Amino acid sequence: MCFHHKRLKKMKNKHHAIVIGLNSYPVSGLSPLKGPVNDAEDFSAWLRDPQGGNLPEEHIQCILSSDFAKDASLPFPNQIEVLFEPFITKGVQGRCGERLYVFVAGHGFGDPGDMGTTALYAANARKMFPWHVAITDYVDWLQRHAVFDEIVLLMDCCRTINVYHEVKEPQYPTSKGRIGADKVRFFYAFAVGRGRIARERRFEDGRDSGIFTRAILHALETASPKDGKITGQQLKNQIHNSIGKFAGDIQIEPPVIRLDSSQDITFLHRKSARTVPVQVRLEPYNGDETLLLSDGNFQQIREDQAKGAKGAMRTLELEPGLYKIAVKNTDRQQIFEVPNHAEIIV
Amino acid sequence: MQKSLSDKQVRLSVRSHERLSEIFLVNSRFEKIAAAVGYLETSVHPGLYKARFRIGQTQVDQLIEVHPGAEVLEIDGIPVDFSSPVPLVGINTGQEKQELYRNAAETISRSDPEKKGEGAWLFLCIREIAEFEAEAAPWTGVTLHDLEGSLIAEPGLGICDQENGYFALHLEVNPGTYRLRVEEEPGEFYEIFVRTVAGWQTQVFAVSEAAWLPDVADDHRAALPSVAVLMVEAGQGFDGENETSRQVELLRLGLLHGRQVVTETVVSDLLKQEHLNPMQVILVAHSLSGQGKLNVVLLTALLKKLPAECVEHPDIQALMLNKLTDERPAFPAPPMLRTSWDRIVKAVEQRKAIVPPGSLAAQLADGVIKTSLWLVHRPDRLEVEKEM
Chain A
1 MCFHHKRLKK
11 MKNKHHAIVI
21 GLNSYPVSGL
31 SPLKGPVNDA
41 EDFSAWLRDP
51 QGGNLPEEHI
61 QCILSSDFAK
71 DASLPFPNQI
81 EVLFEPFITK
91 GVQGRCGERL
101 YVFVAGHGFG
111 DPGDMGTTAL
121 YAANARKMFP
131 WHVAITDYVD
141 WLQRHAVFDE
151 IVLLMDCCRT
161 INVYHEVKEP
171 QYPTSKGRIG
181 ADKVRFFYAF
191 AVGRGRIARE
201 RRFEDGRDSG
211 IFTRAILHAL
221 ETASPKDGKI
231 TGQQLKNQIH
241 NSIGKFAGDI
251 QIEPPVIRLD
261 SSQDITFLHR
271 KSARTVPVQV
281 RLEPYNGDET
291 LLLSDGNFQQ
301 IREDQAKGAK
311 GAMRTLELEP
321 GLYKIAVKNT
331 DRQQIFEVPN
341 HAEIIV
Chain B
347 MQKSLSDKQV
357 RLSVRSHERL
367 SEIFLVNSRF
377 EKIAAAVGYL
387 ETSVHPGLYK
397 ARFRIGQTQV
407 DQLIEVHPGA
417 EVLEIDGIPV
427 DFSSPVPLVG
437 INTGQEKQEL
447 YRNAAETISR
457 SDPEKKGEGA
467 WLFLCIREIA
477 EFEAEAAPWT
487 GVTLHDLEGS
497 LIAEPGLGIC
507 DQENGYFALH
517 LEVNPGTYRL
527 RVEEEPGEFY
537 EIFVRTVAGW
547 QTQVFAVSEA
557 AWLPDVADDH
567 RAALPSVAVL
577 MVEAGQGFDG
587 ENETSRQVEL
597 LRLGLLHGRQ
607 VVTETVVSDL
617 LKQEHLNPMQ
627 VILVAHSLSG
637 QGKLNVVLLT
647 ALLKKLPAEC
657 VEHPDIQALM
667 LNKLTDERPA
677 FPAPPMLRTS
687 WDRIVKAVEQ
697 RKAIVPPGSL
707 AAQLADGVIK
717 TSLWLVHRPD
727 RLEVEKEM
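Those protein sequence lines, which keep their order, are chains A and B. Our numbering numbers the first residue of the first sequence as 1 and each following residue consecutively. Our numbering numbers the first residue of the second sequence as 347 and each following residue consecutively.
Some clues are possibly wrong.
[What the hints assert, rightly or not] Cut-off 30 Å, straight-line C-alpha distance, at most; resulting in silico cross-link-like pairs (DSS-like, lysine-lysine):
id	chain 1	residue 1	chain 2	residue 2
1	B	Lys-354	A	Lys-328
2	B	Lys-378	A	Lys-271
3	A	Lys-229	A	Lys-183
Derived by calculation from the structure, the hints in this document are not laboratory data. In this text, all values refer to a predicted model and were calculated from it rather than measured experimentally.
Input sequences plus hints: build the corresponding full structure.
This is the structure we're talking about:
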């Protein structure tokens, strides 16, 4: 008889996802983007990952610019909206599942008359025909009808206001919603505030990505658990505290993340945070220093003797948080932040 | 969580560099443990903390070490290099021309004005965004009109400095409401409303940029939604070190970005002053109103600090709609703030205010753009052409 000792994580069969990434807007005059397709692929990979979202492949509905011929001005709004259709259709009757992820990257805009509404331009958008998908309207509908117990909305796009462009309400059935809508847990994260511009850049790994998406994925991967859980609040804390690291030299503005902390979402369960590499350089270096590393509560977590030619530089693997490093019996010390400070000189 | 070496708490106080800066204190797990505006006081266990200071959309972090055994720790926050169209001292430090803009604004706002009326003054200053190309012309498409739409001033009346990318214009005008208009592209006009008051200089600062209508205009134009408006007593001119002007600008940034910087302490401090600047009263009251915290007592207290000549200001009148019972004030001129406009519209619906038929305010409704701060109007193209 053979026993499998390694327990496989049970797939999240009641979780669903809609993932949208649009790089190309050939007829709009909007500048082409380099990040959204990569962002959507990276987020999809996290959704599939057994250590991440752990969704069955068939529960991830994805639409990307790269699904279409270059310069084809596709997808049209309908091709995107069709991804919401099954949930709306079932949602009219009742609950559809535990959690819905909606990930959106591309050129977005805010409605001039409605502070909260944010839409994604479709690839065929033009100045006079701003074809779009009212993403937040769809999400509001799904929340109002308690179609899922939890909704996660991640929008890595601009929310600029263009007075020509009003967000048009989708053609879903109008109804007042259902009892239980107030119990729907949500995590709504926007790269920027209303009227502001989201940013992308080429990262050190050579991949173009949205800065916000990188921060989200990194937070999902590394955030420290509390009682074994990574909650929306912890994710929010980590994103707000680490996004500067992903911005590099680009000036970014703070993201906007809304959740109800009294009924928070648990994104993941894990025992400990994943670590992040931090380089520590001793300057000056005599070859006989002893390094003391303490955590944010002044608990000493490491004591290292620097030796040899390579002793001046070392890499520490640390969980996100605040730390203090000191050279023993000297006044050389430094407090630093992980993941924001990648290199420390002490 | 691991326990700290000492359970004895330390009194930690953090004072931000700016009185109206938000302060957030987080622990070593990035959990927010306290928040305040201007000054934060709390008790913490010894350990490492991070204070975040935020003004508008700009924030900076400062790591703090709270030693075991300490009774009290007082931290002075590092400055936030926030971005503003107003060339105040100590901000926009990345801009090499900041000092030049400040000197120009200080000099020109005190210079002899072009006379277009009597008793009130208007100073307009537009500069290019930091990373501008040579041949910048931030005055492009900018005109000033009276309430009826008649042209009062074109860029040629002011100083157009192409090399340094700024425009400045100083006028003496009649007290009243003016329309600051920008032609974004041929035939596409937008305007905001600027009020001047007898004995006061209204100062309008703008940055010329492409961002606010990204796919409409590649060229830079003065960004009306993020204009800064200050008021100073006549003869003072702009002063980059003026604390009141600085506070007014911080209040505007708070409102613009939906930040709740007007706390009870801030109001209480303001009410200790003998007089308040009209823009302080307007922005504080509207901020409180947005938070649902403006009651009649508080409004009355704020209005008592207002110079008498400013009471007719439409944004003040809009606030007073809270207080009125029998009177139905008339609003022939639009206000400057979008929230004032919303109040007026609501009051008209409830028959508590009057917008005279045929007045500009009566014609506005279709062309109002809902920005988070100023009332931005898109005048009908045919009307504009008729005026010209």
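Open item on the list: Tell me if the straight-line CA distance from Lys-229 of chain A to Lys-183 of chain A falls inside 30 Å.
Closed with: holds (20 Å)
Open item on the list: Run the distance test for Lys-378 of chain B versus Lys-271 of chain A: straight-line Cα separation, threshold 30 Å.
Closed with: holds (22 Å)
Task: Hinted pair Lys-354 of chain B and Lys-328 of chain A, Cα distance within 30 Å - done: Roughly 25 Å between the alpha carbons, so the hint for Lys-354 of chain B and Lys-328 of chain A holds.
In the structure shown, no violation is registered for any of the earlier numbered hints.
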